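Given next are the chains, with one letter for each unit.
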Amino acid sequence: MEVKTNNMNSWKLFSYILMAIFTLITIGPLLWTFFSSLKPHALIVQSPFKLFMEWSPANYISAWKLGEMGILFLNSIFYSTIATVGTVYLALAAGYAFAKFGFRISKVFYAFFAAGLLITVHSVLVPLFVMENWLGIDNTRIGVLIPYIGFGLPFQVYLATSFIKSLPTSLEEAARIDGATYMQVFWKIVIPMAVPVTVTMLIYAFLGNWNEFVLIMVLTSDSAIRSLPAGINAFAGGMARNYGFQFAALCIGTIPMILFYAAFRKQIAKGFAAGSLKE
Amino acid sequence: MDFREKRRSYWYLVGPAVLIYSLVIIFPVVVSFVLGFTKWSGFGSPVFVGIKNYITMMKDPVFLYDLRNNLLIVGTSVFGQIPLGFVLAYILYRKMVKFGNFFESMIFLPITISAVVVAIMWNRIFFGNSGMFTSLMRMITGDQRWIMAISESKSGAIFPVLFVILWMYTGLYMIIYLANLQKISPSVLEAAIIDGASEGQILGRIILPSMINVLFTTAIFAISGSLKSFDLIFAMTNGGPAHYTEVVAIYMYINTFKYYKYGFGSAVSIMIIILSVGLITILNKFVRRIERKYE
Chain A
1 MEVKTNNMNS
11 WKLFSYILMA
21 IFTLITIGPL
31 LWTFFSSLKP
41 HALIVQSPFK
51 LFMEWSPANY
61 ISAWKLGEMG
71 ILFLNSIFYS
81 TIATVGTVYL
91 ALAAGYAFAK
101 FGFRISKVFY
111 AFFAAGLLIT
121 VHSVLVPLFV
131 MENWLGIDNT
141 RIGVLIPYIG
151 FGLPFQVYLA
161 TSFIKSLPTS
171 LEEAARIDGA
181 TYMQVFWKIV
191 IPMAVPVTVT
201 MLIYAFLGNW
211 NEFVLIMVLT
221 SDSAIRSLPA
231 GINAFAGGMA
241 RNYGFQFAAL
251 CIGTIPMILF
261 YAAFRKQIAK
271 GFAAGSLKE
Chain B
280 MDFREKRRSY
290 WYLVGPAVLI
300 YSLVIIFPVV
310 VSFVLGFTKW
320 SGFGSPVFVG
330 IKNYITMMKD
340 PVFLYDLRNN
350 LLIVGTSVFG
360 QIPLGFVLAY
370 ILYRKMVKFG
380 NFFESMIFLP
390 ITISAVVVAI
400 MWNRIFFGNS
410 GMFTSLMRMI
420 TGDQRWIMAI
430 SESKSGAIFP
440 VLFVILWMYT
450 GLYMIIYLAN
460 LQKISPSVLE
470 AAIIDGASEG
480 QILGRIILPS
490 MINVLFTTAI
500 FAISGSLKSF
510 DLIFAMTNGG
520 PAHYTEVVAI
530 YMYINTFKYY
540 KYGFGSAVSI
550 MIIILSVGLI
560 TILNKFVRRI
570 ERKYE
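So the protein sequences, as listed, match chains A and B. Per this note's numbering, residue 1 is the first one in the first sequence, and the count goes up by one each step. Per this note's numbering, residue 280 is the first one in the second sequence, and the count goes up by one each step.
What the hints contain is simulated information worked out from the structure, not anything from laboratory work. The structure displayed is predicted, hence computed values, not measured ones. Where a beta carbon is used, it is the ideal one built from N, C-alpha and C, also for glycine. No incorrect hints appear here.
Only some residues are given here: those of chain A computed to face chain B with a beta carbon under 7 Å:
hint	residue
1	12
2	93
3	126
4	253
Here are some chain B residues the structure puts well away from chain A; computed CB gaps all over 10 Å:
hint	residue
5	342
6	354
7	483
With a straight-line cut-off of 25 Å between C-alpha atoms, the simulated DMTMM-like cross-links for lysine to aspartate or glutamate are:
hint	chain 1	residue 1	chain 2	residue 2
8	B	285	A	178
9	A	107	A	173
10	A	12	B	478
11	B	537	A	138
12	A	165	B	281
Could you put together the complete structure from these sequences and hints?
This is the structure we're talking about:
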């Protein structure tokens, strides 16, 4: 018995140490970045660990102006919101049809979408870029939105289909007997019942769109229609020999996401775990 | 009449998704496949060159080195993130620490932060003259000129990148495993504890067998995710110094958008898909064999 409790205690100690190390490694760099963002360049170089007592937002103001963060922020909100709503709506619609219509062709389409899970953005960059050039929608907002919506679909269709499959059919049938069309059933019955998965889908898609980087870099060249990640990347290169500005830019990109995380952590976790949960 | 309405509604529901998806993914993949057999700079018409692009790729030491880096990333995910994520999840699941909720939310946090931000932040920490890691090491070693020598060496330069990948995604695996562990019925565990099962027996006989499928699914995520790794490395090192940290996706990007070798770049993209499908097939076979052993 003695041996067993000792053993338990050392396991506990090991657990605490592991958790503490991971937490420190996660939080330390973020805090360091945040404190550095409040210090002038010279002080960051001289004493990287000194907490600067006269905190000033000067870096933020400069980075905001220099990086044209205002417009990037608005663009990010625009792309993320529209692409997210678009993807989720299309995925729910397709999911309903796949789950409840019993058409044989659904299997083919579903397999098509599943294959998309394996295809990376990079595999289609060249043709996408060429196609958009040819259609004349390169470097436009619509040229960003359509691929954003398309790339969200494979996973979202999977989430929607498996959730709607698990819903009882009785309500839909009752509505059909009362003369409702399929579209009415979709809007008035399926969507309200699918609210839990819809919330997860919305948050998951929003996160992905907000952080998207490759497509916006390749498909746009005009900085006025780019989004935050592209703008922040500009601070990695020649734009910021001033570390203070650079850190401020990083914080401008991070702080909203940390707030988003604080508000929706459970849903974000659900979205990421959903792909692996056994029914 | 009714069936016709059903069919029409079906296409209203499915049509837009299938259309956009085909336009953005399926059609471009087919085009990529075709372009991969051509030489094309974006102007004029592509010239058919057969499998020359693939041969050039296989003979290019840069490509082979990038492949090595990609495999190291796959290895880091499969042998680093997955076991670590599992251990962390198991600690939380068995409530071996207090403040589990706090630890959980802290370790999962990096997943929300854009890869570009993560990349620049760690670039400053590791490589900056006054970066956090550099300064810490200078304090510890007492050498005011200490720099991260490993980032200049051909075989070692990738390690800081691997560390950051571990940093960013371990929490994700932890969350996935935790969600699946919580699905195991508590009564099974209680019964085992009453019967006097040790921690080791609980883990080996109850937990692991019910987690095999999830471990397999996450290994697939890890492989396809690893081959996709682009944003982080692009913004952190841009593949440098001298291709030392480059991966296949960056090789493709540089060849296509810097050297305008659209045909060659397409062939590299197809190669990424082939590699990803190939690795997953191998993994699948391997898992089937393990499953048979368990039966």
